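Heads up: the sequence lines are chains B and R, in that order.
Going by my numbering, the first sequence opens with residue 1, and the numbers climb by one from there.
Going by my numbering, the second sequence opens with residue 1001, and the numbers climb by one from there.
Because the hints were derived from the structure by calculation, they are not lab data.
Hints may contain errors.
Facing chain B, a subset of chain R residues (Cβ under 7 Å, in silico) [unchecked claim]: (1) PRO1032; (2) ALA1055; (3) PRO1136; (4) SER1144.
None of these values were measured; they are calculated from a predicted model.
C-beta: ideal position from N, C-alpha, C; glycine also.
Number of protein chains: 2
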Amino acid sequence: MNTTPMTLTRDDCLALDAADPLRALREQFSLPPGVVYLDGNSLGAQPASTPARVAEVVQQEWGTGLIRSWNSAGWITLPQRVGDKIGQLIGAQPGETLVADSTSINLYKVLSTAIRIAQADAPSRRVILSERSNFPTDLYIAQSLAQQHGLTLELTTADQIEARLGPDVAVLMLTQVNYRSGRLLDMAAITAAAHRTGALTVWDLAHSAGAVPVDLNGADADFAIGCGYKYLNGGPGAPAFVWAHARHADRFWQPLSGWMGHAAPFRFDTEYRPAPGMARYLCGTPPLISMSALECGVDTVLAAGTLGGMAALRAKSLQLSELFIAQVAARCSAHDLPLASPDVAAERGSQVSLACKVGGLAVMQALIARQVIGDFRAGDGSEAEPDLLRFGFTPLYTRFVDVFDAVTALCEVLDTAEWREARFNQQAAVT
Amino acid sequence: MNTTPMTLTRDDCLALDAADPLRALREQFSLPPGVVYLDGNSLGAQPASTPARVAEVVQQEWGTGLIRSWNSAGWITLPQRVGDKIGQLIGAQPGETLVADSTSINLYKVLSTAIRIAQADAPSRRVILSERSNFPTDLYIAQSLAQQHGLTLELTTADQIEARLGPDVAVLMLTQVNYRSGRLLDMAAITAAAHRTGALTVWDLAHSAGAVPVDLNGADADFAIGCGYKYLNGGPGAPAFVWAHARHADRFWQPLSGWMGHAAPFRFDTEYRPAPGMARYLCGTPPLISMSALECGVDTVLAAGTLGGMAALRAKSLQLSELFIAQVAARCSAHDLPLASPDVAAERGSQVSLACKVGGLAVMQALIARQVIGDFRAGDGSEAEPDLLRFGFTPLYTRFVDVFDAVTALCEVLDTAEWREARFNQQAAVT
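For reference, chain B alone in the conformation it holds in the complex:
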């Protein structure tokens, strides 16, 4: 078999799939027939186990168990149980990770605590440092907290982060894998650099958890949050997760001091007293149906454990994205689609973005009409931030032949200018 990614044929890809030691993992998902789904970085696919589990939660636990299920079905500890499962994927010890609320809200909690620690330990530090192309919700939450605490939110580029660290930086807040470019930051090196200059680190793992190996304790990170509905396959708007290093877990209240984070929620005290450890990062009553669906999703990633775990998933993810990049270069060379992701595999997460100077949204719509689902992310029109076609290569369910077929569709859409048709030139509310 031909094994040079650039010259692989469709049959070669089918052979790669047949020989893939992870191929059985795809059977965990209910994917619609004929669809090439390359958007698991936005919304993971539906695990085949989820409908039955959700039906059980609705009909048995809620319908029959009613209020008793808080104890009998273990609802009260679900945030910890699912949190610990996610913890296995991100280098956390049991008890360090909780499922709660949304990524934005969890960021508000941990960034608040990080700011308070910095203000207590080093009040002269007045800057929250982040990356300009960080996911906007992270910047918006940081903007809110900067205003609240009289700090400055300063944005720089990924390349300038280490140089910008210094005695005025209180907290460095970064997303490990950039949502636009898929660039993977070196968490251990950057955390070490931040700590050398006295800054705390907050890591958003939205595009990391379940996609790339993460070792929060190994990197000595301070705080982390992440998303349940991307590579963890938890379902639309699945609850998010939150982690704090054990050295910080007991420091300060987080400001969303709801009753589930109280030391004794069912004592109904009038005074807030935070629970010891991570439980203080809970707030209100969690959405248990969505959280139960998340558990099914996390289980699909943990199922790779006996097949080499995150290291094996990572290896396949890079094989897939290398194949995509090589095939686009070989087969779409007539079109101007510069790679907008790092060309060094080790610096990429599990996605590949292509810059698209003209008609990006329409091109993606035309691809979706051909059942190849990626997504479009608008840029600001500048050279530095072009419009992007974004393709995610979730190794749990993406096949080599899917990559081949996606490139075929992309070539055809561009070759025939199919995307110029009026039906593909609408602005979509969500793309």
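Fit chain R to the known structure of chain B by using the hints.
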């Protein structure tokens, strides 16, 4: 038929059920056979429509539609769509109510805004006033915001609220129906009193929405939040709702400035710009499976619309609770179970609490073992705050015969001292 509540027989209750114009509403629910469920004030029962709707969201919208369902299945406007349905139950105009996050988190949002408005318009007002027996999560969130803004949280009794209002009170934060006593506050009168003294009002409708008629605009309230999993039957941990009077909706950011509340979330701007109107009270991506289940629950309440709506539900709710109170007085008179709810029906929500000086938790456990499910709320041991047996009378699915049978079970448990058995004397994690 005998119609004096105190002397009604079981057959009389069956006759009342047969004649009840709302009786068909119970068929909307899947209740386990043999269970008398009097805890809808803690977790509403499961609508029969929920399993199929949730399966559709999981299998069709997510599984088949995948990322496309943000548009094609209307996920992007679900918070507004379900919010407007709830709005019909609380005197809100379309566009004024959103479903989002949890009650605690929504309280944080609106109380933040209320404080900012007060600080801008009347900086000398430094007190957040609330009721001592308000639900603790409300007090905890207020405590957090009071600290953050340098205000004082002052707690008083329900009877002293109006007297305590004055030139130092910035915000009056109350739960309309008390979670312990079921006491119903007069929202219009208290809001008017607050406004006369220059304070803003924040109302928690956790035990009101779907239980008693609410008219936020009629009462000229300022802000409101409430719970989806009690009388709205939205399922365990269902998302909550949030409302602001139109005069306030556009004032200030709320601090949980996540991307879903941005004026143009899919522009991915680096600067936060709040959406006009209520959409700014959104934060992160909402848990869509749980939110879809909530819609089924809200629909069960809206189904009463053709049968007299909230007024008819309210009338039945009071008939049920009057019956319970009268029957307990008549049939459990050998036991010391003072009414811990207002004896005037118009001052009660949809629940009745009985003080229980000895063994309250064990008594409730013994009742639950007999399939009569209410709940237990511990007091602080004082005369003013005794241990409570709490019984909710959700008019959508509670029958008159359920009330009769619940009183029978209560009498028998107490008459035979069944509750003294060792198996009923454990402290439960959740009661």
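Item to check | Hints breached by this structure | outcome: none
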